[in-house]
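Chemist: The numbering used here runs 2 ahead of the 1-based position in the sequence shown.
Simulated from the structure, these hints should not be mistaken for laboratory data. Positions of the beta carbon are idealized from the N, C-alpha and C atoms, including for glycine. Treat the hints with care, since some could be wrong.
With a Cα cut of at most 25 Å, we get these calculated DSS-like pairs of lysine-lysine [as the list claims (entries may be wrong)]: (1) K74 to K64; (2) K144 to K131; (3) K204 to K98; (4) K131 to K183; (5) K183 to K139; (6) K74 to K86; (7) K20 to K30; (8) K136 to K183; (9) K204 to K71; (10) K135 to K150; (11) K86 to K144; (12) K74 to K204; (13) K40 to K30; (14) K86 to K30; (15) K139 to K150; (16) K209 to K98; (17) K30 to K43; (18) K183 to K74; (19) K183 to K150; (20) K71 to K40.
Computed spacing ranges between beta-carbons, pair by pair [said to hold, decoys possible]: (21) P29 to A171: 39 to 47 Å; (22) H225 to E101: 16 to 24 Å; (23) A9 to K136: 51 to 59 Å; (24) A171 to E101: 28 to 36 Å; (25) S170 to L127: 14 to 22 Å; (26) F216 to D78: 29 to 37 Å; (27) D13 to E148: 35 to 43 Å; (28) E151 to D211: 27 to 35 Å; (29) M222 to D87: 22 to 30 Å; (30) I158 to D87: 37 to 45 Å; (31) V167 to P65: 23 to 31 Å; (32) D35 to E148: 41 to 49 Å; (33) C143 to E33: 26 to 34 Å; (34) H184 to M222: 15 to 23 Å.
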Amino acid sequence: MSTEVPAEDYDIVVFENKFPSLQQGSPKVTEKDSKFFKHGKAQGICEVVLFTSDHDGIMSEKPLSRYIKLVKVWRDRYRELGDKDHIDYVFIFENKGEEVGVTLHHPHGQIYAYPFIPPIIEQELDSGKEYLKKEGKCLFCKNLEEEKEDGRRIIISNDSFTALVPFSASYTYEVHIYANKHLPSFNDFFEKEEIDLAAILKTILMKFDNLFGFTLPYVMSIHQQPTNGTGK
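Let's have the full structure, built from the sequences with the hints guiding it.
Modeler: Following this line, the structure appears as structure tokens:
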């Protein structure tokens with residue numbers, strides 16, 4: 003793995019970010035903590051994932067096979083990064099479009115491997131634990147059950163996943179993709195789930211790009227189980 007792509011033509015490439023916000027050999031913190039302010043090393047791993055060698059490529063126009071390969075790459079990076087002792091969470095995301103501050107126009111995403119669990123993920127986990135303790139049910143399964151019963155916000159569903167607009171969406175055209183059964187992370191995927199997630203992603207991106215006649219900017223993030231240095 004290097005910080006630049008060694009070939010003009012390739013399938014999918016993963017390389018270390020040249021300008022990472024987190025580093026494996028991050029500098030030692032010299033500032034002392036106060037009662038109010040705390041300091042910590044910016045330790046972690048930042049990777050870039052190039053989805054295609056086509057610099058001007060539009061992902062919604064790519065074949066399903068491209069998405070399946072991408073899901074497999076996400077799975078492999080989740081496992082390898084999560085297997086490191088100092089990594090507690092592997093965060094996979096994509097920012098697309100100048101409107102959300104993207105400066106690299108080549109179709110790409112990023113992966114951040116943190117030595118901690120990000121606050122929003124921790125909140126989701128805490129909410130799930132609290133609901134399970136109170137109701138004896140999985141919060142996320144119950145949410146999907148209620149959405150399916152209502153039906154109005156369901157966009158598309160297949161054997162493994164359901165895409166929907168959440169009841170209290172925070173953003174215009176916000177879409178959530180839920181697993182139809184318990185799939186805490188990519189470690190729980192078989193080939194069927196990889197194909198079904200790829201199909202859902204392609205369909206959603208096609209719908210986004212057909213809304214207004216141009217490729218829609220968006221932010222995508224994948225929320226899954228913490229690794230806690232185990233890769234599981």
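Chemist: Look at each hint and say if it fits the structure.
Modeler: Consistency of the hints with the structure:
no. : hint                     : verdict
1   : K74 to K64               : 16 Å, holds
2   : K144 to K131             : 13 Å, holds
3   : K204 to K98              : 15 Å, holds
4   : K131 to K183             : 17 Å, holds
5   : K183 to K139             : 13 Å, holds
6   : K74 to K86               : 19 Å, holds
7   : K20 to K30               : 20 Å, holds
8   : K136 to K183             : 21 Å, holds
9   : K204 to K71              : 12 Å, holds
10  : K135 to K150             : 24 Å, holds
11  : K86 to K144              : 33 Å, violated
12  : K74 to K204              : 15 Å, holds
13  : K40 to K30               : 14 Å, holds
14  : K86 to K30               : 20 Å, holds
15  : K139 to K150             : 17 Å, holds
16  : K209 to K98              : 15 Å, holds
17  : K30 to K43               : 6 Å, holds
18  : K183 to K74              : 19 Å, holds
19  : K183 to K150             : 13 Å, holds
20  : K71 to K40               : 41 Å, violated
21  : P29 to A171: 39 to 47 Å  : 40 Å, holds
22  : H225 to E101: 16 to 24 Å : 23 Å, holds
23  : A9 to K136: 51 to 59 Å   : 54 Å, holds
24  : A171 to E101: 28 to 36 Å : 18 Å, violated
25  : S170 to L127: 14 to 22 Å : 19 Å, holds
26  : F216 to D78: 29 to 37 Å  : 33 Å, holds
27  : D13 to E148: 35 to 43 Å  : 40 Å, holds
28  : E151 to D211: 27 to 35 Å : 30 Å, holds
29  : M222 to D87: 22 to 30 Å  : 28 Å, holds
30  : I158 to D87: 37 to 45 Å  : 39 Å, holds
31  : V167 to P65: 23 to 31 Å  : 26 Å, holds
32  : D35 to E148: 41 to 49 Å  : 44 Å, holds
33  : C143 to E33: 26 to 34 Å  : 44 Å, violated
34  : H184 to M222: 15 to 23 Å : 22 Å, holds
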